[in-house]
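Engineer: Going down the list, the sequences are from chains W, U, B and A.
When we follow numbering that gives the first Met the number 0, the leftmost residue of the first sequence carries the number 0, and every step to the right adds one.
When we follow numbering that gives the first Met the number 0, the leftmost residue of the second sequence carries the number 0, and every step to the right adds one.
When we follow numbering that gives the first Met the number 0, the leftmost residue of the third sequence carries the number 0, and every step to the right adds one.
When we follow numbering that gives the first Met the number 0, the leftmost residue of the fourth sequence carries the number 0, and every step to the right adds one.
It cannot be assumed that every hint is accurate.
Unchecked claim - Only part of the chain U face toward chain W is listed, based on derived beta-carbon distances under 10 Å:
id: 1; residue: Gln3
id: 2; residue: Gly11
id: 3; residue: Phe13
id: 4; residue: Ile15
id: 5; residue: Val71
id: 6; residue: Leu106
id: 7; residue: Met155
What the hints assert, rightly or not - Looking from chain W toward chain U, a few residues come up when the C-beta cut is under 7 Å (computed):
id: 8; residue: Asp10
id: 9; residue: Gly11
id: 10; residue: Ala14
It should be emphasised that the hints constitute simulated quantities derived from the structure, not laboratory data.
For glycine and all other residues, C-beta sits at the position ideal for the given N, C-alpha and C.
Protein chains: 4
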Amino acid sequence: MNTQRIEAFSDGVFAIAITLLVLDIRPPQASAHLAADLLALWPSYLAYLISFLLIGLIWANHHEMFQHIRRVDRMLMFFNTLLLMNVAFLPFVTAVLSSSLREHIGLRTAVILYGSTLVIGGIFFNAVWEWARYRHRLLGDSIAPADAKAIARRFMLGPTAYLVGTAIGAVVPVLGLALFAALILFYWLPITHGLHLSRSAPG
Amino acid sequence: MNTQRIEAFSDGVFAIAITLLVLDIRPPQASAHLAADLLALWPSYLAYLISFLLIGLIWANHHEMFQHIRRVDRMLMFFNTLLLMNVAFLPFVTAVLSSSLREHIGLRTAVILYGSTLVIGGIFFNAVWEWARYRHRLLGDSIAPADAKAIARRFMLGPTAYLVGTAIGAVVPVLGLALFAALILFYWLPITHGLHLSRSAPG
Amino acid sequence: MNTQRIEAFSDGVFAIAITLLVLDIRPPQASAHLAADLLALWPSYLAYLISFLLIGLIWANHHEMFQHIRRVDRMLMFFNTLLLMNVAFLPFVTAVLSSSLREHIGLRTAVILYGSTLVIGGIFFNAVWEWARYRHRLLGDSIAPADAKAIARRFMLGPTAYLVGTAIGAVVPVLGLALFAALILFYWLPITHGLHLSRSAPG
Amino acid sequence: MNTQRIEAFSDGVFAIAITLLVLDIRPPQASAHLAADLLALWPSYLAYLISFLLIGLIWANHHEMFQHIRRVDRMLMFFNTLLLMNVAFLPFVTAVLSSSLREHIGLRTAVILYGSTLVIGGIFFNAVWEWARYRHRLLGDSIAPADAKAIARRFMLGPTAYLVGTAIGAVVPVLGLALFAALILFYWLPITHGLHLSRSAPG
Chain W
0 MNTQRIEAFS DGVFAIAITL LVLDIRPPQA SAHLAADLLA LWPSYLAYLI
50 SFLLIGLIWA NHHEMFQHIR RVDRMLMFFN TLLLMNVAFL PFVTAVLSSS
100 LREHIGLRTA VILYGSTLVI GGIFFNAVWE WARYRHRLLG DSIAPADAKA
150 IARRFMLGPT AYLVGTAIGA VVPVLGLALF AALILFYWLP ITHGLHLSRS
200 APG
Chain U
0 MNTQRIEAFS DGVFAIAITL LVLDIRPPQA SAHLAADLLA LWPSYLAYLI
50 SFLLIGLIWA NHHEMFQHIR RVDRMLMFFN TLLLMNVAFL PFVTAVLSSS
100 LREHIGLRTA VILYGSTLVI GGIFFNAVWE WARYRHRLLG DSIAPADAKA
150 IARRFMLGPT AYLVGTAIGA VVPVLGLALF AALILFYWLP ITHGLHLSRS
200 APG
Chain B
0 MNTQRIEAFS DGVFAIAITL LVLDIRPPQA SAHLAADLLA LWPSYLAYLI
50 SFLLIGLIWA NHHEMFQHIR RVDRMLMFFN TLLLMNVAFL PFVTAVLSSS
100 LREHIGLRTA VILYGSTLVI GGIFFNAVWE WARYRHRLLG DSIAPADAKA
150 IARRFMLGPT AYLVGTAIGA VVPVLGLALF AALILFYWLP ITHGLHLSRS
200 APG
Chain A
0 MNTQRIEAFS DGVFAIAITL LVLDIRPPQA SAHLAADLLA LWPSYLAYLI
50 SFLLIGLIWA NHHEMFQHIR RVDRMLMFFN TLLLMNVAFL PFVTAVLSSS
100 LREHIGLRTA VILYGSTLVI GGIFFNAVWE WARYRHRLLG DSIAPADAKA
150 IARRFMLGPT AYLVGTAIGA VVPVLGLALF AALILFYWLP ITHGLHLSRS
200 APG
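Based on the provided sequences and hints, a complete structural model is requested.
Structural biologist: Written as structure tokens, this is what we have:
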């Protein structure tokens, strides 16, 4: 109950940020070559797809994280606000990325911007969890400190992998972008892991 | 309780996507012929009406579906995210449609785009339900497997009908569009069916 | 519980529509005469103020209405969707109104458009309530049929008054607009009435 | 339970207003000097950062306030709507501020506008709390009248400090802006205070 409103507020920001992504896909003026104009927007569709799955993923992890958090204090709210600030920023970096893909220029800069935003978001995400599990003050009995630590180790993987992707993207932009897409899919898909985790959580 | 946040997040995306539809109706600059300018926007009003009822309908079906879902796993979240990605894309295809109606050009392309989006959305919708009812793992006791199957069969009707509409629209665009509108109204209106269903659900 | 998600979805649409109103106030490019440019936007501020209080008011009435509704069926969802479609349309008619006030032209048209939207919205609002209280099927025991009828009579006042305002506005636009503003304030302010009602509701 | 929907509606407005802030950061067209173009947007990032933390802060305080409010009446809804109207206005004043910082002109006007909006918002915020604690009618037993008064005194600090900041900003704009940023951080950070408060609240 204590965490209900922070979850509702966060859900709102996640839902709006994820839906605002579509505003970057500008509908072309209808014309005789509408089909071609629509196809030419493929970089926007690609960026929409990647960022939508990304925000959905952060939301799913946020959901998992808050299943274990029982109490909220001011500092947790602060770290959560920083995380949301990062999430709400994603439509901007997505627009820069798709613009760069459409214009065939500036991809290095766009990929570094995109990747850095992911890294920083990952750090904020971990800050929320670290603060919550510090001395187990804000967690409930449903999770043991050792399990909380195991989750922390898994959460740390995100920003680390994104950092590697950003470094690679600084050298070969397209490769960095492909890596981000692969990572997002990879984090979504290992269902067995997810199933196992959600089953172990209550026990 | 376990499904509470995925419903809240989905409600958020539905609510935002449905409200963003109005941004496609650009208010004309006030002038001596304001009334005429407002009337000339009728394609935008029509597209707004159809897509608003459509998203409202998907929401109502989503609501019905989640009344039977008791548990959520990672894969269900993934399919649900794909569904929401489709819903959030609807303001874009609606804008393309209304632009085509206003400019009297490209309607075939716009109708195929609109219809294909509906078909894909219907597939994602069914993916969520199929995953949830597979071995009855994620459903509660309130619904029997046979009833879940009956609902599945009804849910399958949507994408099938939209596919037929798209095929017709590829030949006679206006007819395809009229069919979409008719289908949406048809799915909304058979109240007796709806009443019966919601009554049978808990039993 | 059965009405929880329709309320959450409606709250989302109300919250987004009310917040989108600010997008019509275009920030002027900063310049040496920024203060004057900001003051020149007064019609936008006025339209923002009126429509914000209006949507807040519809939300408050929607909230009151759903405190008595215990069950939801397909038709109620349909009428509620029509109501939300009207609410989500208000940022558009507000933008037309403020544009007309800024350009000193087309006010008659803008006021008629604004008023008609209010009238239609009032009709949809009453449709939801009439459907819910028909044979008392969707209401709970917390309210007697006679009280439901009394509320219906009060809800009917809205569209009637807005219709009068629209008729007056068709003759003297500014007077119609002033009447809308007065009505909105009037419906907000009679606190004693509101207090009385909320106290009588549970009894 | 009675305050649940007003909280959900408010959370929606807070979440949308805070996320709309990003729309003011216009993605530059990709070009050979994309990195430089992105860096030139620093005033927009700064304004985004300040206003995001500000709205997050108002939300956190709103959350704290409503933990003590048990009943809602029409007048409380009215004051809360005024507060939300102020919050939803913040993306506009933020856009004016960042435009002024980018163009190096009109900063005095922009800072006065920003500060005045904060002052008025603070007054509306206090109006909600004063109305709720008047004769303790709308508060629950979890809080003593003396504690409600202590909170009121703390809430009063906000608009007072923002008023001082606005006055200073009218003389030295940059100093006023720095003061707003400092105040927002200061209100976020004193965690010990926050911890103490949330611990004392239930007792």
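Engineer: Now tell me if each hint is right for this structure.
Structural biologist: Verification of the hints:
Given hint, glutamine 3/U at the interface with chain W, holds; its Cβ is 9 Å from that chain's nearest Cβ, closer than 10 Å. Given hint, glycine 11/U at the interface with chain W, holds; its Cβ is 3 Å from that chain's nearest Cβ, closer than 10 Å. Because the smallest distance between the Cβ of phenylalanine 13/U and any Cβ of chain W comes to about 9 Å, under 10 Å, the interface hint for this residue holds. Proximity of isoleucine 15/U to chain W holds as hinted, the smallest CB-CB distance being about 4 Å (cut-off 10 Å).
Contact between valine 71/U and chain W, as hinted, is supported at the beta carbon level, the nearest pair being about 8 Å apart and thus within 10 Å. Nearest Cβ of chain W to the Cβ of leucine 106/U: about 8 Å, under the 10 Å cut. The hint holds. Taking 10 Å as the C-beta contact cut-off toward chain W, the hint placing methionine 155/U at the interface is violated, the least distance being around 24 Å. A cut of 7 Å between beta carbons decides the hint on aspartate 10/W: the least distance to chain U is about 5 Å, and the hint holds.
Annotation: glycine 11/W was flagged as interfacial toward chain U, and the flag holds, the nearest CB pair being 6 Å apart, inside 7 Å. A cut of 7 Å between beta carbons decides the hint on alanine 14/W: the least distance to chain U is about 3 Å, and the hint holds.
Hint compliance for this structure: hint 7 alone is broken.
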